[in-house]
Amino acid sequence: MMGQLLASQFFYNWRRNLSAIAGSAIILVCVLIVLFGPLVSPQNPYDLTQLNLLDSYKPPAWIEGGDPRYLLGTDGQGRDVLSSILYGTRVSALIGIAAMLMACTIGTTLGLLAGFYGGRLDAFIMRVADIQLSFPSMLIALFLMSAFGTGIDKVLIALTLVGWVVYARTVRGSTLGEIQKEYVQAARVAGLRDAKIIRRHVLPNVLTPLIVIATVQVGTFILIEASLSFLGVGVPITQPSLGLLIKNGFDVLFSGLWWTSVFPGLMIMAMVFGINLFGDFLRDELNPRLK
Amino acid sequence: MDHQSATAPLLDVRDLRTWFHTFSGTVKAVDGVSFTLAPGEVMGLVGESGGGKSVVGFSLLGLIDPPGRIEGGEILLDGEDIARASEERLRRIRGREIAMIFQDPMTSLNPVKTVGAQMDEMLRLHTDLDEGARKARCVAMLESVGISRAAERLRAYPHQFSGGMRQRVVIAIALLASPRLIVADEPTTALDVTIQSQILKLMRKRIAETGAAMILVTHDLAVVSEMVDKIVVLYCGRVVETGPAREVIANPSHPYTRGLVDSIPNPKHRKPRLAQIPGAVPDIRNLPSGCSFRPRCPRAQARCAEVSPALAPTRGTLSAACHFPILEEVAAAMATTGGERA
Amino acid sequence: MTTTRADTTLATPMLEVENLEQRFPLRSGIIDRLTFKGGRPRLVDSVVHAVNGVSFSIAKGEVLALVGESGCGKSTVAKSIARIYTPSGGRIRIDGEEVGGYGHRQMLPVRAKMQMIFQDPFASLNPRQKVRDIVAEPLREQLEARGEGNAKARAREAALALLERVGLNAEHATRYPHQFSGGQRQRIGIARALSVNPGLIIADEPVSALDVSIQAQILNLMMDLRDEFGLAYLFISHDLSVVNHIADRIGVMYLGFLVETAPRDRLFSAPRHPYTRALLSAAPTIDPADKAVEMELEGEVPSALALPSGCCFRTRCPFAFDRCTAERPRLQDVGDGQSVACHLVDEPERDRP
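Chains as they are written, first to last, in UniProt numbering: chain A, 1 to 291; chain B, 1 to 342; chain C, 1 to 353.
Misleading hints may appear alongside valid ones.
[Claimed, not checked] Simulated crosslink set (DSS-like; lysine-lysine; CA at most 25 Å straight-line):
#1 C:Lys60 to B:Lys271
#2 A:Lys154 to A:Lys247
#3 C:Lys152 to A:Lys196
The hints are simulated quantities; they were obtained by calculation from the structure and are not laboratory data.
The structure displayed is predicted, hence computed values, not measured ones.
In isolation and in its complexed conformation, chain A is listed as follows:
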């Protein structure tokens, strides 16, 4: 399996594409943070017993007055910014990935049904999608969050409702193409029921373009969640994501205490940038028209 990958054209092109390598490296770092962040974190930022109010607003270690224990400084509660970022990245990334998985599942299912059966079902699903697409996704998410209230579960639902459309449309399009093909007709001649044809034949053949969408969407979701949290309608204060960290530091940003929100901001930027770089590479690789 590994040998196959190393010998493939995909890997060959990857090795010759600097931005793909950079994107992959950033993603790898993020994955490591998600997996091992709490283990390497100097402090548990939520354990109040580890906090010392006397250490509040310490600047980063390389600036005068900095404390070598707090590499990126501390916030108003004396919380280590680096530790907050390690924990917050985890929250942000997991929300992005989980919401993407939910949106993908729901969108793919609806897209398959719309494309396969057509008619009124198709018209209904696609009109809902069209209406939703005519509003900015941020606006919809804000509206939903105001209606639901805050909480990680609410954020997930809002992001899913925002994100399913793109899968539904893509999958519907590919499904329309696939069901014209003779292998689907062959499955009918073999006597398969619709559900089996969709599951065994259509689904595996419409997944490839979703890889790109899903990758880029994780980045988009991280940004939307950060915006929601920044506006105070996102994750609760007890499980701060990167967006909430920015918000917490934002009040004192112009008092010269910039580190509390700039570092989480850089982290979001790096993560989304990496995801988009890699997503662009995937798009070029998986787009058959460019080959």
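Dock chains B and C against the given chain A, drawing on the hints supplied.
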């Protein structure tokens, strides 16, 4: 043969090599192809898919895009080597000297321009005629390819024509600037037989009238035998046999050509089983040693694996690249003793 | 007809089609459907008349070929019989069993008697399925429906034997379709059709996408299989030389109508319908010396959205006269197993251009 040596050839292709450099290796799609074409001569370039026949056609017009490249050889058009011509020079050659007719007329017609505009553009590029004269020429040309109400149809878009009519338009455009050579790549493959016979008849007539030479690229031996003077058979990027059309089809000397001819069902000599060439065309990135046809050849011997045969006269007017050509003349479809079990 | 139970099985045709009709509504937007005919706006639904009352039968072990040009409805006939489309009208009897009104569940056992081979060796195999699963699928479905255990494993095992029978080997079983050439893929498609041991195989242009030398291999394989399994074929093709080689009987279709049907030799030596004659003379041969009497057609096939009145062929027919516009000719028996749908049969003196 004598009349050919008297006149200088219009086209002289020498040792043409067009390769494609891909991730999985170099594809030698055309690897040492040579032939000549006299003015007004109609030649068939035949072979199965993967033979390289279309790549030869595209090479003649300088239409090879990366990762493909003409690696070597010469394409002499009236003595000028156009394999090394600049893009500027090629643009002048295309249309005026060499015109191309593709299999799918939609790829050569611009869907958002009227037929008249596309024909006019061709004339503006390649002639000095004024507007009135250009229009008259376009109308006359459309009528000559059997399109009625031509003046009116000039204002129509390609999608308003049926498949057969579209191919007539493409032929009309190809003939507009009176090119001396027409390369037709499977011009009737996408058409129905009754339409195909109309188009073939039209091409034969118009080409005879204009005196242009033509290279007909096709997989269909029946089409070739009705159209051309001479045949070049390609297999795995090389010429395996060439000669006058009648002779190549009636009595081929290369075992591959023999196999091709015999595998066409022939109503006159119906047998319970068709003769078949065993196996499939090899992967062109990984050709067998010696003769490429060797693994499928009923006449192959040890020498075929060692030395790649060169094109040489075999019998009468035929030349073939084979160490053990079929020298005796045999009535069609009697040569092979039926195919082996599948 | 009264026959005893014993000889019904042999005498029953493998396939009987009576007055098969297939229409497709053309799905288009409201704007396209709007017309002002008769002074007021109305919505008009256009319908493609793909197959218009086709009747024929195929005996056990017989090969019937349907020929015609693109758009003549020959493939639609095949797909309606295979129930890829639901027929709009007419009767279809498979091995004596009327299946026209069958739903999915009732149809499943019938599918064990009838399978299909497709045209495009690339599109007809699911690129994400392993070859053994592709070949096993029809049998697996039958076994699962009968509630037999271990359907997947048993069907896979049967697939291995089938692969060998069509000239592939067991190592090929775990590969994916893209690792095969066009000819090999077509063999895989044939193995899939054979997996349920059917009596009828519907072959929709099975060799037209293949190179000529591979075409011969596949045709030979199909004929061997017919001898071995007593298969009947409904063979759809546009290639007259292929049809001449493989068919026992031939039906010629034009614009959704069956215009002539005859035993092979009869059709090639004495075609009666003007369209058949034009088709035969238009087909290129490698031996131009034996060209049949030249008869060239003008114009192109009319649209199936608006069929001509009377005879479907009259717009291109050099013999057409007033009766052809007024009255649609019926397929009538002219002896020697030949049937023709043409008014010239009644008025042979008009058979002069």
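Here's how the hints hold up against the structure:
1. Between the alpha carbons of Lys60 (chain C) and Lys271 (chain B) the distance comes to roughly 22 Å, so the proposed pair stays at or under 25 Å and holds.
2. With a C-alpha separation of about 19 Å, the suggested pairing of Lys154 (chain A) with Lys247 (chain A) holds against the 25 Å cut-off.
3. Only pairs whose Cα atoms come within 25 Å are accepted, and Lys152 (chain C) paired with Lys196 (chain A) is accepted, the gap being roughly 14 Å.
The structure is consistent with each of the numbered hints, conforming to all of them.
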